[in-house]
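**Student:** These are the residues of each chain, in order.
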Amino acid sequence: MVPSQQLDSCGPYRVLVVEDELFVRMDIAATLRHAGFQVIEAACADAALEFIESGEPIDLVFTDIQTPGILDGLALAERVRAKYPLMPVFICSGNSELEGAASQWGKFVPKPYEPTGIVRLITSSMR
Amino acid sequence: MEPATILVVERDILVRQPLTQYLRDCGYRVLEAVNAAEARGVVSTGRESIDIVLMDVKGAPSEGGFALASWLRSNHPAIKVLLGGTIAKVLQLAGDLCNDGPEGGLDYRLVLDHIRRLLAGRSRRSPDRRFD
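Which chain is which? The protein sequence lines are A and B, in order. Heads up, the first sequence is in numbering that gives the first Met the number 0, so the first residue is 0 and it goes up one at a time. Heads up, the second sequence is in numbering that gives the first Met the number 0, so the first residue is 0 and it goes up one at a time.
Looking at chain B on its own, in the form it has when it is part of the complex:
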């Protein structure tokens, strides 16, 4: 049986990369979109079969996570949409997915700590995004 495909929508590479790698390590097939337009593009073409979209409310800045989630639910109701209000919540959702995944049991909190360190490092270099 093919693993489920998760589309992660996240603008921030320092969040997206550890998150997507974590989900891959959990056994999922993972696609990446950096904004809502890319996410719509992936879903609309039908080129890829997507089972789950995972995103942060603020991770799709061009139109906002709520608008993208609403569009997905209206136009692609078969796709499960997981929307987190914070990066920590998104990682928790990813952890839940991982527990149900083919290679489950990996601790999402280690990834969250790693992302925190990456974002703290950036804050020291150039503060432009608050970790919440």
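Here chain A stands alone, though its shape is the one from the complex:
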């Protein structure tokens, strides 16, 4: 878990989680919240982009590659990078062949993953 003193003094880090599988999304969101993060849940990349374009602040994006809708996670990551070049982006998939494509826009995370491992990964990216 992330000690609270590691979080931004201006408030909790806001993590945008993009995942269409309900219980996977619930698990990672709950684990991140328990660790002190504020989590924005999106079930598809289109909704995630809409949230980003609304101007609401986010600090980090954690997205699955395969999501329903027009955009997939890679397209979302590309757009996030274009808008916020320094923002950490984690891109996950069960298809390891997509690691190369994902690595252009962020850090690839193989699925399945342990939510507590993701917390450690995200925490280390904040240092």
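Heads up, some of the hints might be wrong.
To be verified - Stretches of chain A that chain B covers, calculated by requiring three or more beta carbons in the stretch to come under 8 Å of a beta carbon on chain B:
#1 20-29
#2 34-42
#3 45-51
Hint data in this document are derived by calculation from the structure and do not stem from the laboratory. Keep in mind that this is a model prediction, so the values were computed, not measured. Think of the CB as a built atom: it goes at the ideal place given N, C-alpha and C, for glycine as much as any other residue.
The hints should help you fit chain B onto chain A, whose structure is shown.
**Tutor:** Relative to the frame of chain A, chain B by itself:
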């Protein structure tokens, strides 16, 4: 005593995120579903104990809020269902919950104004949902 768990069913991320964060700030445990199928999934598995379902009539577009509310009342009568006809009404219901919540007293109207601003911004970018 554990705080009550509220399942918020709302398709629109610009409504759902401020609403759910508000309820969390009020001290509740909050789960999120983006449509009726997800809501049914959360409730049916029994994995999560849900006390209250809060939704907009139009917030569950796949089958409609009334159908989901009817299903919940028939199959899970212990769950309290709060159904608002408009986003403003849903926020008012959330405000009532907040007043009764562990960290009560936060003003829902500030959240409603915030959602209005977010939706107005989207209307300027791409009008696809009317705020009512």
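**Student:** Take the hints in turn and mark each one as holding or not.
**Tutor:** Hint check:
Residue count for the segment 20-29 of chain A with a Cβ under 8 Å from a Cβ of chain B: 4. That meets the three needed, and the coverage hint holds. For a cut-off of 8 Å, the count of residues in the segment 34-42 of chain A with a CB near a CB of chain B stands at 5, and the three-residue condition holds. Coverage of the segment 45-51 of chain A by chain B holds in this model, with 4 residues showing a Cβ closer than 8 Å to a Cβ of that chain against a need of three.
Of the hints listed earlier, there is not a single one the structure fails to meet.
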